[in-house]
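K.L.:
If you read the protein sequences in the order shown, they are chains A and B. Just so it is clear: in the first sequence, position 178 is 177 by numbering that gives the first Met the number 0, and no numbers are missing. Just so it is clear: in the second sequence, position 6 is 5 by numbering that gives the first Met the number 0, and no numbers are missing.
Just so you know, the hints here were simulated from the structure itself, not pulled from any lab data. Just so you know, these numbers come straight off a predicted model, no measurement behind them. Backbone N, C-alpha and C fix where the C-beta goes; we use that ideal spot for every residue, glycine too. One thing to keep in mind: the hints can contain errors.
[Said to hold, decoys possible] Label-pair distances were calculated between CB atoms; the ranges are: (1) B:L91 with A:N33: 49 to 57 Å; (2) B:S51 with A:F199: 33 to 41 Å; (3) A:D131 with B:N256: 36 to 44 Å; (4) A:A181 with B:G37: 19 to 27 Å; (5) B:N253 with A:A122: 52 to 60 Å.
[To be verified] Which chain A residues stay away from chain B? Per the calculated CB distances, all over 10 Å, these: (6) I31; (7) L40; (8) L148; (9) R196; (10) L253; (11) V260.
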Amino acid sequence: MFPESLQLSIRSPINDWVEAVVINHGATFKAISNAILQVVLLVESVLRGLPWWTVIIVFVALAWASTRKIVFCAIVGVMMVAVGVLGLWDLTMQTLALMLVATLVSVLIGLPIGILCAKNRIARTITLPVLDVMQTMPSFVYLIPVLMLFGLGKVPAILATVVYAVPPLIRLTDLGIRQVDAEVVEAATAFGTAPARLLFGVELPLATPTIMAGLNQTVMMALSMVVVASMIGARGLGEQVLNGIQTLDVGRGLEAGIGIVILAIVLDRIMQGFGRSRLEEARNG
Amino acid sequence: MAEIEIRNVYKIFGQNTAQTIELAKQGLDKATILAKTGSNMGLADVSLKVASGRIFVIMGLSGSGKSTLVRHLNRLIEPSSGEILFDGQNILTLNPRDLRAFRMRRVSMVFQSFGLMPHYTVLQNAGYGLTVRGEPHAQVRDIAMKWIETVGLKGYENKFPFELSGGMKQRVGLARALAADTDVILMDEAFSALDPLIRAEMQDQLIELQRTLAKTIVFITHDLDEALRIGSEIAILRDGRLVQVDTPGAILRNPANDYVARFVQRHANHALAHD
Ligand SMILES: Nc1ncnc2c1ncn2[C@@H]1O[C@H](COP(=O)(O)OP(=O)(O)O)[C@@H](O)[C@H]1O
Ligand SMILES: [Mg+2]
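Let's have the full structure, built from the sequences with the hints guiding it.
P.N.:
Here it is in structure tokens:
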């Protein structure tokens, strides 16, 4: 046995800290939480309120815009219909709403941090190890503080998802900007381009393919979080899987699992299409 | 009108610049300094004057510091020590805002590997300097079109850089610098990607421009014939140090050392072969 006198627990300081944060900044968290909740509710009501065929049309249109391939569009259409046929439509829309909002929050957080990392070496040295920790830490661990700060429900589920899913977006934003051809940046600078214009007019547009790849990974990771997130109150497909596990209802769990897979494939392919078309342009330039 | 003066500029790439400059001042050469300190001596004790309204040519082997030197003139690279004066004003003291204004209005540049914006059309690229400066859209268009025509790219204005050959890209880079209409134009091997016919044409055009518009042009080239043809003065760099600055005639007659002589020798042989 390791001598007890040498043992040091960081459990209670961390608990104290979280508690103190909850007490002192409760109002702030409430406000953030409320804002996110409003957005989720809005997105959810739109997605669930729209007739099913409208949603499918939108998906097929996105598939067309991204790849210009009729076969792919047809596959997307069939897969979305399959979701409905399996009786998963409503659950899928709930999951999709959570995903969209989680992605939105990830972009709002990840893009600025990624840009900061690309521009500032100190910021990068600090951020990269933190990202490593975020990605390797079992996701259940940060469910707990999130739960304490925000309680049960959709918002904490989204935030836990964001923590898990945002690292690739930050990494690839940083990488994408640093990979922009140095002479292009030099040329822009030589003509007197101001920093903001350099960022928005040159660096971000040219980093877009890489950033899109990061966003794609973020969406995929968010989707892989849905089951875990359902443990703290996310509804939708993840909850269905969880219920299936808890009641040993394999069929039910599998059904919902198929729904998640379909959503993953459809979103992945559409986003890759968007990333690729830009990538080709940039390559050739 | 703009006169440029560079005074005792040192540029060290790497750590311990102060210490490395001391070694450079003792006259150690680039290879020794690199072995001793691990730092790369880009430029050492470079002083020169570029007369207003002239074409000033910089020559030297690859890696001799030509690009580094020319990038000091618009502060794309900051010297490790020394002064850079534009019409007597030290541009190293400009704050970021004034530096941007200086780059917008006083000096433009043509890049060795073009530096075109891949997501902009030829027209947008050519007008880039004017757009950044905030000129009205219609005017940017007109001026950019005029220079696109001048460099012989009419009909390509709506193409993207990836649709052009290397020589065409270089001409877009040229149009971009000319459209900005600055007193000073820095040209880093600006004609290297052009085929001989267009190259000669561009050289004539440059001489013409310098004559009619009194531009001050700092021109980097590998090609002695080109240097002799367009240069009013030629500076020769070797391993970061200036070895000779003179008129073309003086360089041909009195090369300062073997290095310069070798440059000139080739030309002499060339001329003989043509006779
Ligand atoms: N950013 C940099 N970092 C380190 N070394 C550099 C950098 N830029 C240029 N150098 C070095 O400075 C020297 C001069 O380079 P350069 O000015 O590009 O030469 P040239 O244009 O004459 O071919 C070379 O030895 C090169 O390796
Ligand atoms: Mg060079």
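K.L.:
If a hint holds in the structure, say so; if it does not, say that too.
P.N.:
Quick rundown of the hints versus the structure:
no., hint, result
1, B:L91 with A:N33: 49 to 57 Å, "holds (52 Å)"
2, B:S51 with A:F199: 33 to 41 Å, "holds (37 Å)"
3, A:D131 with B:N256: 36 to 44 Å, "violated (56 Å)"
4, A:A181 with B:G37: 19 to 27 Å, "holds (22 Å)"
5, B:N253 with A:A122: 52 to 60 Å, "holds (55 Å)"
6, I31, "holds (35 Å)"
7, L40, "holds (38 Å)"
8, L148, "holds (41 Å)"
9, R196, "violated (7 Å)"
10, L253, "holds (46 Å)"
11, V260, "holds (36 Å)"
Hints 3, 9 from the earlier list are contradicted by this structure; the remaining hints agree with it.
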